[in-house]
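*Asks:* Modelling step: build the complete structure from the supplied sequences, incorporating the hints.
Given next are the chains, with one letter for each unit.
Number of protein chains: 2
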Amino acid sequence: MTQIIDGKAFATKLRAEIAAEVATLSYKPGLAVVLVGEDPASKVYVANKAKQTVEVGMNSFEHRLPADTTQEQLLALVSQLNADPAVHGILVQLPLPKHLDTESVIATISPEKDVDGLTVVNAGRLASGAEGLIPCTPLGCLLLLQDNISDMTGLHAVVIGRSNLVGKPVAQLLLQQNCTVTMAHSKTRDLPGLCRTADILVAAVGRPEMVKGDWVKPGAVVIDVGINRVPASEGKTKLVGDVAYAEAAPIAGKITPVPGGVGPMTIACLLRNTLTAAKRLEAAR
Amino acid sequence: MTQIIDGKAFATKLRAEIAAEVATLSYKPGLAVVLVGEDPASKVYVANKAKQTVEVGMNSFEHRLPADTTQEQLLALVSQLNADPAVHGILVQLPLPKHLDTESVIATISPEKDVDGLTVVNAGRLASGAEGLIPCTPLGCLLLLQDNISDMTGLHAVVIGRSNLVGKPVAQLLLQQNCTVTMAHSKTRDLPGLCRTADILVAAVGRPEMVKGDWVKPGAVVIDVGINRVPASEGKTKLVGDVAYAEAAPIAGKITPVPGGVGPMTIACLLRNTLTAAKRLEAAR
Chain A
1 MTQIIDGKAF ATKLRAEIAA EVATLSYKPG LAVVLVGEDP ASKVYVANKA KQTVEVGMNS
61 FEHRLPADTT QEQLLALVSQ LNADPAVHGI LVQLPLPKHL DTESVIATIS PEKDVDGLTV
121 VNAGRLASGA EGLIPCTPLG CLLLLQDNIS DMTGLHAVVI GRSNLVGKPV AQLLLQQNCT
181 VTMAHSKTRD LPGLCRTADI LVAAVGRPEM VKGDWVKPGA VVIDVGINRV PASEGKTKLV
241 GDVAYAEAAP IAGKITPVPG GVGPMTIACL LRNTLTAAKR LEAAR
Chain B
1 MTQIIDGKAF ATKLRAEIAA EVATLSYKPG LAVVLVGEDP ASKVYVANKA KQTVEVGMNS
61 FEHRLPADTT QEQLLALVSQ LNADPAVHGI LVQLPLPKHL DTESVIATIS PEKDVDGLTV
121 VNAGRLASGA EGLIPCTPLG CLLLLQDNIS DMTGLHAVVI GRSNLVGKPV AQLLLQQNCT
181 VTMAHSKTRD LPGLCRTADI LVAAVGRPEM VKGDWVKPGA VVIDVGINRV PASEGKTKLV
241 GDVAYAEAAP IAGKITPVPG GVGPMTIACL LRNTLTAAKR LEAAR
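First to last, the sequence lines map onto chains A and B.
Under the working numbering, the first sequence is numbered contiguously, ending at residue 285.
Under the working numbering, the second sequence is numbered contiguously, ending at residue 285.
Just so you know, the hints here were simulated from the structure itself, not pulled from any lab data.
A few of these clues could be false.
No distinction is drawn between identical chains; accordingly, a pair holds when it is met within one copy or between any pair of copies.
[Stated by the list, open to error] Think about it this way: if two alpha-carbon atoms lie no more than 25 Å apart in a straight line, the pair counts; the simulated SDA-like pairs of lysine to any residue are:
#: 1; residue 1: 187; residue 2: 149
#: 2; residue 1: 43; residue 2: 59
#: 3; residue 1: 98; residue 2: 41
#: 4; residue 1: 187; residue 2: 148
#: 5; residue 1: 28; residue 2: 64
#: 6; residue 1: 217; residue 2: 193
#: 7; residue 1: 217; residue 2: 196
*Replies:* Written out as structure tokens, the structure reads:
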């Protein structure tokens, strides 16, 4: 019978483990979150992050800047947070207002405090197998897979989607787990046939229910990173993944639902990265 | 009929193009090569690099240090070269003597002058699709493939070997060319069967003639990065690749020989990177 991978329960357990470890420390890890402007969705995310940060016993530093903040002001704040010993993690909530240069803002974040794993340095560390900070959603995928597969060595992993944020880091992480990894994308020929060869199938494309049931190899482990809002009955909307869950679930060995799969892992992994960054920074003092 | 990809001829043409472009510049690109100790093979490489650097009209700065050079002395030299406006590319010949920490030496090289593409920053730029400097051998593979395949979109590329120096950068480059890319390695199951699905097969493992003829899909383009010295008749030795050339060549559509395939591209790509670095550094002045 297909096993449903409960990301919500795993994330709850992970946060409890983080809280237990934080309680043993002689210092309080601190996460600074920078929000520019009034995007309603971003405000909800930031509030959630702050709440969960405090719940695991860390300090949450919120910096809310007006929408007309200049590039110089934002870079100055990031530099100040880089220098602040109470701050171990820095997260700049994206997207930024259009007049700001996202790339140079991210490049200013100290790689040692880059708990979103977005800097070029952390991408390079991941690509080189060096110790760094791993983007939260890919790390969440890895933790769920490790919890469900005792040894990934030699398994064929197909990753659909090649974004810097998800697809490419997931591919690197699965390569480190000794998977044979195929990076697939919109230009891939016979994507259904390729997916049918996958022992591990990771969908990270942002196209609702693109991966059909007959794309799934019987018994495969399916990780659905997509979170797509689509119309539902009576003028309402609902969230669906990149995988046609109803079709795919009976065929897969294990599968993440949407919502409740990868989604809840992201903030838990952000807290885990903050703890990791804090331990490294404090050890280096 | 199988076409043999003549890397030596391509490299000669590439060097001529570089020389022609250098002749138009108002400044002379400069490549600094640092050699520590007396390794005979390294001395030959460095001498070849210096000769070809001068031949394309660039300055070659050779720094030969004794085998007992300290870490501090080497780092001081690299920092001095970072600051020297006449130096646009810095290459530290590897391997270094065992008492030196290679990783921290490479980390000290300015990413803008890292013409070997070995720094974590350039690995991150490659992984993120940002502008950087690409390691020479992977760049050589890419240029040969681009010269032989007008459009790689949708082709299945299998890269055998996952080194930071070759396999992983080649996979990133082929992904940028819109290939579907599979990263294979020693833990891959049914490697022969996987290779038979490859439109482009890149072997970078360092195992003499590991890839057999019946691993090759008829008509595939085969790039052999391996350079292995093996015993030959009458007590002599010879160079062979990672591909069993005699078996594979009749089946492949196009194939690089060893020697004379990828090998000659490496120094030409080093010169190309030096020119690229010089143009960027001079434009930023």
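*Asks:* Each hint: holds or not?
*Replies:* Here is what the structure says about each hint:
1. Taking identical chains as interchangeable, the C-alpha atoms of residue 187 and residue 149 lie at most 25 Å apart only when they sit on different chains, with a minimum of 16 Å there against 30 Å within one chain.
2. In this assembly of identical chains, residue 43 and residue 59 lie within 25 Å of each other by CA distance solely inside one copy; the values are 18 Å within and 55 Å between copies.
3. Proximity of residue 98 to residue 41 under the C-alpha cut-off of 25 Å is restricted to the intra-copy arrangement: shortest distance 16 Å within a copy versus 54 Å between copies.
4. When the C-alpha separation of residue 187 and residue 148 is checked against a cutoff of 25 Å, the pair qualifies only between copies, where the shortest distance is 20 Å, while the shortest distance within a copy is 30 Å.
5. Taking the shortest Cα distances, residue 28 and residue 64 sit within 25 Å of each other inside one copy (22 Å), while across copies they are farther apart (49 Å).
6. Taking identical chains as interchangeable, the C-alpha atoms of residue 217 and residue 193 lie at most 25 Å apart whether they share a chain (10 Å) or sit on different chains (18 Å).
7. In the homo-oligomer, the alpha carbons of residue 217 and residue 196 lie at most 25 Å apart both inside one protomer (5 Å) and across protomers (20 Å), since each shortest distance falls under that limit.
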